[in-house]
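Undergrad: One-letter residues, chain by chain:
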Amino acid sequence: MGQRHDLSNLDDPTLMARLAQGDMQSLGVLVQRHEKRVRGLAYRYLGRQDQADDLAQEAFLRVLRSASSYEPTAAFATWLYRIVVNLCLDAVRKPRLAALSDDDPARGSVPPPEQAMLDQEKCRAVQRAVQDLPERQRIVVLLHRFEGLTHAEIAQATTWSEAAVESLLVRAYSLLRQRLATWASS
Amino acid sequence: MGRLTLWSIMCLDDPILIKLIANELSDAQRGDAQAHLAACPLCRARCDELRATWDVLGEWDVPEPAHSLAPAVLQAARGRNWTWTPMRLAAAIALAAGTGALLALNVPRQPAPPVVSARTVAPDQVVQALGLDALGSQPALGDVFAETQEDL
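For the record, the sequence lines run as chains A and B.
Note that the working numbering has the first sequence beginning at 1, numbered continuously upward.
Note that the working numbering has the second sequence beginning at 1001, numbered continuously upward.
No lab work stands behind these hints: they were computed from the structure.
Warning: the hint list may mix true and false statements.
With a straight-line cut-off of 20 Å between C-alpha atoms, the simulated SDA-like cross-links for lysine to any residue are [to be verified]:
#: 1; chain 1: A; residue 1: K122; chain 2: B; residue 2: D1055
#: 2; chain 1: A; residue 1: K36; chain 2: A; residue 2: D54
#: 3; chain 1: A; residue 1: K36; chain 2: A; residue 2: Q127
#: 4; chain 1: A; residue 1: K36; chain 2: A; residue 2: I83
#: 5; chain 1: A; residue 1: K36; chain 2: B; residue 2: A1066
#: 6; chain 1: A; residue 1: K36; chain 2: B; residue 2: D1061
#: 7; chain 1: A; residue 1: K36; chain 2: B; residue 2: P1063
#: 8; chain 1: A; residue 1: K122; chain 2: A; residue 2: R138
#: 9; chain 1: A; residue 1: K36; chain 2: B; residue 2: V1062
Far from chain B, some chain A residues (derived; all Cβ distances over 12 Å) [unchecked claim]:
#: 10; residue: P13
#: 11; residue: E71
#: 12; residue: T78
#: 13; residue: L87
Which residues of chain B face chain A? A few of them, derived with a C-beta cut under 7 Å, are [stated by the list, open to error]:
#: 14; residue: E1024
#: 15; residue: T1053
#: 16; residue: V1056
#: 17; residue: L1057
#: 18; residue: E1059
#: 19; residue: W1060
#: 20; residue: S1068
#: 21; residue: A1070
Idealized CB from N, CA, C, for every residue including glycine.
Could you build all of it, start to finish, from the sequences and the hints given here?
TA: Written as structure tokens, this is what we have:
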């Protein structure tokens, strides 16, 4: 058990089976393989990198805790998204305006060119518009637009019906279209 | 979902437009939708607005994290590992046994019985201590008992 093997070629269900037997190296591989999507979803939902990383860490610890009961009936990523979605919906909302400035990469540096400033402002506008959405609409938009999940996959990740997912997406994109009309036409 | 057979009569609804832009429609469905859009300026305008929103959303970049979470996750996992394997269970039992043994070794000892030398005790005291006086006879202790010392 103390020897390190190259597990990067193993698929997710196999890694989960090894993890259920106590192979922590498998957990490390799963983290490296999926942390980008987990952190990305958490960051876009919460708006703060530190909170997103805390949430992501907790998500992977839940993966560990559930390893012995995990059954590969759905794609591992979908199952992982369900954990992340639940954590997002349970997360305490922190002030997002402060988070936007805290995460501003240009703060304190040399003023960037005009186009870069416009791009940053657009990015902030998008972030603000998404994070102003009601929680369920925000979740489905993040999963649909940024994580590339289909309606069916979103339904699996959220345990909501496909009809509910469809309705949430319609309302979310409608709101976003209104709030980002200026940027969308530029 | 089958072909969009009513596309020539009714406009495309929002769910269809969303799936079209997200590339979730089958080839046949996409063909039907695009044929309708070519003939319907109203749906074409709605589709263009939705696509523009889709594109501007895509400009929201997430900052690339400076480091992987793997070391922190593994460290946290070591702190609260719920999985029990035969090896870990054996280690836990061994630890419990070792702890029990350590506790036993640390139990305060009974005070050692005093060192007794027959030379310092009178024979009749020995008889009384051994309960021999109840037997009614007193052996010649000085001949029977050698010097004894109990060292514990």
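Undergrad: Each of the hints needs a verdict: does it hold here or not?
TA: Taking the hints in turn, this is what the structure says about them:
1. A:K122 <-> B:D1055: holds, 12 Å
2. A:K36 <-> A:D54: holds, 14 Å
3. A:K36 <-> A:Q127: With Cα atoms ~18 Å apart, K36 (chain A) and Q127 (chain A) stay inside 20 Å; holds.
4. A:K36 <-> A:I83: Holds, at about 15 Å.
5. A:K36 <-> B:A1066: holds, 12 Å
6. A:K36 <-> B:D1061: Holds, at about 13 Å.
7. A:K36 <-> B:P1063: Answer holds: K36 (chain A) to P1063 (chain B) is near 11 Å, not above 20 Å.
8. A:K122 <-> A:R138: holds, 18 Å
9. A:K36 <-> B:V1062: holds, 10 Å
10. P13: Fine: 17 Å to the nearest Cβ keeps P13 (chain A) off the interface.
11. E71: holds, 16 Å
12. T78: holds, 16 Å
13. L87: Given a closest Cβ separation of 14 Å, the condition holds.
14. E1024: holds, 5 Å
15. T1053: Hint on T1053 (chain B): holds, closest Cβ of chain A at ~4 Å, below 7 Å.
16. V1056: At 5 Å from the nearest chain A Cβ, V1056 (chain B) passes the 7 Å test, so the hint holds.
17. L1057: holds, 5 Å
18. E1059: E1059 (chain B) check passes; min Cβ-Cβ to chain A is 6 Å, inside 7 Å.
19. W1060: holds, 4 Å
20. S1068: Status holds, d = 6 Å.
21. A1070: Since chain A brings a Cβ to about 4 Å from A1070 (chain B), closer than 7 Å, the hint holds.
Violated hints: none; the structure is consistent with every hint.
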